[in-house]
Amino acid sequence: MWNQARQALNESMGRLLSQFVNLLPGIVALIVALLVAALVAWVLALIVKRSLTGIRFDQRLAGWGLPLAEWSPSKSPTLLVTRVVSWVVILIGFLIGLASFDAALTSQLVHSLFAYLPNVLGALLVLLFGNIIARFLARSVLIGAVNMNLQYARLLSVGVKWLVIVLAVAMALEHLKIGAGTVQLAFGILFGGIVFALALAVGLGSKELVTRSLEREASKPSTEAVEEPFRHI
Amino acid sequence: MELDSIPEHARKRMDQIGAGDLVVGILAQNGQVDAIPMIREALQTLPGVPRTVVIQNNGAPRPASNEAQAADHNSAAEEQPPFVVSWRLSASDPLTVPVQNMSEAYDSIFAAAEKLGARACCVVASNLESLTSRWISQLTQPLLEMDFDLVTPCYAHHKFEGLINSSIICPLSRALYGKRIQNPMGPDLGLSGRLLEKVVGTSSLAKAASNRMHPLVSIAPSAIDGSFRICQSHLGTRLYPATDWTNLSNLLAQILGPVFLGMERNTVAWQKTRGTQPVAVFGEPAPLSAEMGAVDVHRMLESFQLGTRNLQDIWSLVLPPGTLLGLRKLAVLSPGQFRMPDELWVQIVYDFALGHRQRTISREHLLRAMTPLYLGWVASYALELETAGGSAVEQRLERLALAYEAAKPYLVSRWRWPDRFNP
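These protein sequences, in sequence, are chains A and B.
Numbers -9 to 223, taken from our numbering, label the letters of the first sequence in order.
Numbers -13 to 409, taken from our numbering, label the letters of the second sequence in order.
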């Protein structure tokens, strides 16, 4: 009986060891793939960083009004791009390493990942352009409102910015197929709510405020008459 | 260059006329004023009565008796000089349209003058109600009799008129190009045939390279750079268009945009210029109009303070921290103490020009964001000169011009090395 038990133990040990030995090349391949990917990522990151610094990428982005700096580590879009490049290369290395274990599982994983990629890219683009448009509009509204002497210029500008951002986020989430119905509903409620709240605020809540403001405007002496001596061109 | 923009009937008419010694362009439109008799009167004062062609803007209806309309239908042979050619030079009245839109009108007149082989060309864009025969003779005499190439105007204006010119264009142009010209951008001016050739040539090249510039911005720098002879003539009183306060930022952007663009195009010329020289002045300066008494700058101060509260983020993209601090200190002063130092104002203008060049933010946003700062300067200037007379105003503007000159090394340095640390 002891012999049989020893034999069973030896066999299970042998099976475990052979399975481990079978896995070993895969693990080594994964580690090697990760190491090579990390090396390639480091070299690529170095090249990308130097190139972007050379063309003054951060300043150019700021000039174009792209808001990447706020989302970047150390407020540097160059650093953000460099890190994205490194992590993409490392991810590719990881997938290559994973393929050495089970090609079928990896190809399935890669296939579904690639199938979802257009959605991610689309959502990212929507977010990026939504942000650019939001900032551009917010800045336009702010400057315009200040030049029109509106005391609530900042409020208007922030309102416009967030309306566009909320719209962009809702569109991006729909693109990602994340809670499409919920997002639509939530957006509808939020957007409608804001408009309704504003209408109520102006129509009811701020009736007196608006009246006072209009009265103040009406009682102001005519600008033309007051500042007539000034001619600019 | 702009011959294509001249309608067929006007080109035929010019072919009929053949050639002209003097071309007078009338850009302004006024249904009640006929400029032709004034031009005829002015021509009598010129030597040898030059063969004159008047180009009129017929974008607006004129009196039925206007000779110009009749002249269009007559042959040049039957007509008494001056010969009149008229077409729609600009869609609207130049007094209300920002300068940028007048670019094509100026170009068309210059092209027509070159086609006619004119020895001299003068353009009147101001309100015709202020036009007298003296204006025409003062703008053309130095060209035809004294061999000058560019005649710029000097107007008798009130201290609070022509403020964009007084605060930015005149002192900036003086500091950059080294000539003390009171109104470098006219809008009324006279050009010799030689300068006309250069202006038309430059404009054609620019158009071919699709980077054309407003002619009013490029004329004075071109003349200075080409060592042409420049003078100024006292024309008398000019009627300035009333301020449209709701459109002031638009106006400022449309005027300063081409000015800053001109700085980029003429970098080599202004960076090598050192010091300033006066230019010859003709005519008697007319006395300034009467005192206006107290002025209300409340709205302008409010706009400046509102800008300081809300536009810091945008200003900080172009202005250094020291300037921003100066503005914040200024914003808390009471109207009685509110004075914007010349050095601060000059640095603001230079930094905005640099920001425009570097495209730190959208150029439209940048120029519009300057409006509260400009109004702050106007308020400070108005409070300072509320009761001042003519000579005090001149001294004040001279001090401002000197401040522009003193700060020019700062502009040159930052233009060359924009990334250098700037506290």
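Quick caveat, the hints were computed from the structure, so don't treat them as lab data.
One should not assume that every hint holds.
As the list claims (entries may be wrong) - Below 25 Å or equal to it, Euclidean Cα-Cα: the simulated SDA-like pairs (lysine to any residue) are:
#, chain 1, residue 1, chain 2, residue 2
1, A, K65, B, K315
2, A, K65, B, P306
3, A, K151, B, T232
4, A, K65, B, S116
5, A, K65, A, S97
6, B, K315, A, L36
7, A, K65, B, P307
8, A, K39, B, T232
9, B, K258, B, P404
10, B, K258, B, D328
11, B, K315, A, K151
12, A, K151, B, L303
13, A, K65, B, T232
14, A, K65, B, Q344
15, A, K65, B, D328
Taking the hints in turn, this is what the structure says about them:
Under the criterion of a C-alpha separation no larger than 25 Å, the hint pairing K65/A with K315/B is inconsistent with the structure, at around 29 Å. At most 25 Å may separate the alpha-carbon atoms for a hinted pair to count; K65/A and P306/B meet this at roughly 19 Å. As the CA atoms of K151/A and T232/B are separated by approximately 24 Å, the hinted pair is consistent with the 25 Å bound. Of the pairs offered as hints, the one joining K65/A and S116/B is violated, with about 58 Å between alpha carbons and a cut-off of 25 Å exceeded.
Under the criterion of a C-alpha separation no larger than 25 Å, the hint pairing K65/A with S97/A is inconsistent with the structure, at around 37 Å. Of the pairs offered as hints, the one joining K315/B and L36/A is violated, with about 45 Å between alpha carbons and a cut-off of 25 Å exceeded. Straight-line distance between C-alpha atoms of K65/A and P307/B comes to about 19 Å, which keeps the hinted pair within the 25 Å bound. A C-alpha spacing of about 47 Å is found between K39/A and T232/B, which places the hinted pair above 25 Å, so the restraint is violated.
Pair hint K258/B plus P404/B holds up; C-alpha atoms about 18 Å apart against a cutoff of 25 Å. Distance hint between K258/B and D328/B is fulfilled; the C-alpha atoms sit about 24 Å from each other, no more than 25 Å. Between the alpha carbons of K315/B and K151/A the distance comes to roughly 30 Å, so the proposed pair goes past 25 Å and is violated. A threshold of 25 Å between alpha carbons decides the hint, and for K151/A with L303/B the separation of about 19 Å falls inside it, so the pair holds.
For the given pair, K65/A sits about 38 Å from T232/B by alpha-carbon distance, which is inconsistent with the 25 Å threshold. Restraint check for K65/A and Q344/B: satisfied, since their Cα atoms lie roughly 20 Å apart, inside the 25 Å limit. Among the hinted pairs, K65/A with D328/B is inconsistent with the structure: their alpha-carbon atoms are about 35 Å apart, more than 25 Å.
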